[in-house]
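Engineer: If you're matching them up, the sequences are chains A and B in order.
First residue of the first sequence? That's 1 in my numbering, and the numbers climb one at a time after it.
First residue of the second sequence? That's 1 in my numbering, and the numbers climb one at a time after it.
It is worth saying that the hints were derived from the structure and are not from the lab.
From the three backbone atoms N, C-alpha and C, an ideal C-beta is built for every residue, glycine too.
Incorrect hints may appear among the rest.
[Stated by the list, open to error] Some chain A residues close to chain B (C-beta under 8 Å, calculated; not the full set):
1. M14
2. G187
3. K258
4. A424
Chain by chain, the residues run as shown.
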Amino acid sequence: MSLNAKTLLNYEKMDLLRFSTAGSVDDGKSTLIGRLLYDSKGVFEDQLEAIRRTTEKKGGEDIDFALITDGLAAEREQGITIDVAYRYFATSKRKFIIGDTPGHEQYTRNMVTGASTADLAIILIDARNGVLIQSKRHGYIARLLGIPHILVAVNKMDLVDFKQDVYEKIKNEYAAFFRKLSGETPGKSPELTFIPISALKGDNVTVKSKATPWYGGKSLLDHLETVQISKDRNMEDFRFPVQLVLRPNLDYRGFSGKVASGRARKGKQIVILPSGNTAKIKSIDTFDQGDLEDAFPPMCVTLRLSEEVDISRGDMLAYPDNQPRCDKNFSAHLCWMVKEPLALKKKYVLKLATGEVKAVVDSISWVRDMKTLEKNSASQLDLNDIGLVSLQTLKPICFDPYARNRVTGSFILIDELNNNTVAAGMIVE
Amino acid sequence: MSTASEPKTLSHLKQLEAESIFIIREVAAEFKNPVMLYSVGKDSSVMVRLAQKAFHPGKIPFPLMHVDTSYKFPEMYEFRDKFIQDIGAKLIVERNEEAIAGGASPFKFGVQKCCGLLKTQGLLDALTKHGFDAAFGGARREEEKSRAKERVYSFRDSFGQWDPKNQRPELWDLYNSRVNEGESIRVFPLSNWTELDIWLYIEMEKIPVVPIYFTHTRKIIKRKSLLIPWVSHIPVLPGDEVREMKVRFRSLGCMSCTGAIESTTEVHDLRGIIEDLILTRKSERENRIIDHGSDSSMEQKKKEGYF
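Please work from the sequences and hints to get the whole structure.
Structural biologist: In structure tokens form, the structure reads like this:
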């Protein structure tokens, strides 16, 4: 349902869905996003006018939906997309944040970035071409990043006369690929949904198409509006990385942070890691409601404790009977993001939740060739490589497997010499 | 454990709020000398409220800074001074006095150069003068195409410049705050908010805003499709029409460079603004004269150090 003043009276009940899209120039991704934005008023008339002027300058005629999503002058001149762009639209049910990533250049780095916070990934497959390696690559990255919902849009159905068997063949082939993938990747398998669409003509994008009577599912937008995401968050393992110690006056000492997972409950005994000290949650404070009974992700609150204990930024609070692992050695999937390759045994800064520690990569078990998705043994990681590595930190840090907890299982590596973020990591065990 | 799996969710506004508070606290924890840019507009009002929430019951632990051009609406100065006093924050006001004394104006120098001197240079000088290593800005990615690709933590070199092709990757909510001496980070805690979210939040939180967002009568210079607020320093050109009109503003800046919108329906409350926003198909920056140069003018300004 599109947005209007009446339906918006409901805005306090609207929730938020973050999704990523990945694809190449020709698979209709820009057309799909352009259409979603246009139909939901996510693009304005004067912005369209600026795009029209640009199209004319380049000698084009019809409005090119791709120009809605191409942001920078440099890439408009060259006709390429160089980075992750964020787009916004809303319906009466949900607000949507799109992490839009180009598929052809630096695809791994960009897609990992766009997918890191996504609840859902849209993977586009051109119905004429069937399942190509790039669609598998997108699926692999979405699976690795732990995106709970994957929507495979089989696009350009109009160019194959909306034939059901074309769609079914792609669906079966991709589902089989995904079953195999899930067998060799840790964590729960995502929900996989297939929708036959024509982004250009609008079939099954915002409304169900008459051209696909054999398709019993929802339109793409309907699926985005209704896919259930409330159960995706980890509500079992209470983790609270301390972000900031608040001491506005002598009588108040609170520990601010975001509930990463599970629930903080007033009166419960907690353990402070890595020290192992314990205390009780005396109050859960916010600006609005004052003292809460409990807090859940992604709420940002300030906890006050019943005991005077030494706590600083980077510590993690948990319940004594459900603690993260605190260790110096672990393995992780690492996505390398800069030109200068990974140097084994070199000290990098590892940032996990609110903590920072020096870390070295001891060894590389394998690197996945992103062209074939085959695992190979390798002695280094280059830009856009994904590999399984063993890390060692100088001091113990507290973490969970990424497959169980996307907040306490993810980290970045920073090169201290140039301050650049060089890698994204997902802890395996 | 029986209740542990029961799903609990936050509304989209509360999720955006949580994300922004997390970012604001992260900056306070990791930088030596942060500042929050305060431009008196609706986005600044929201950003300041989020900062209040982030450090409650304490005060905002860093100063706010208004980079003034001397050309803002009188209503904005009046609102600013009262608002700051009411919330008990520390405000720094900085201006490029040399350029102002030299008579910098969009009529004398052209819009690009005037903005470059009073806003961009004014900001860069102020950041250097106080040695700020992080500066919060209220910009949103939805506002403009080049902003859609900007990070929450936007790295600036020692000249304050942005290099869109060489941005640090930004993953999950792990922000890289490392800078060398002289370099800085512009931080955009409202990156994921839209104009609609801003107004809905202002309504929900009852946040005060400058009253000229609502319908009022004011003397206007009508120039083709532009409605320029009349003030003595703005020259009236042949063909201009000067008259009293019922107008309001969708975004606020310098008087000479901020177009009004004619208020065909009277908008006296936030609900009116929100309903109008849902019906309209014009973006909020369309009445900003400064963006009319070309399709990429904002990107150019940002590269030079503008917010």
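Engineer: Each of the hints needs a verdict: does it hold here or not?
Structural biologist: Verification of the supplied hints:
1. M14: Hint holds; M14/A Cβ to chain B Cβ min 5 Å, cut 8 Å.
2. G187: This interface hint is violated because 16 Å lies over the 8 Å limit.
3. K258: At about 5 Å, which falls below the 8 Å cut-off, the nearest Cβ of chain B leaves the hint on K258/A intact, so it holds.
4. A424: holds, 5 Å
Checked against the numbered hints above, the structure violates only hint 2.
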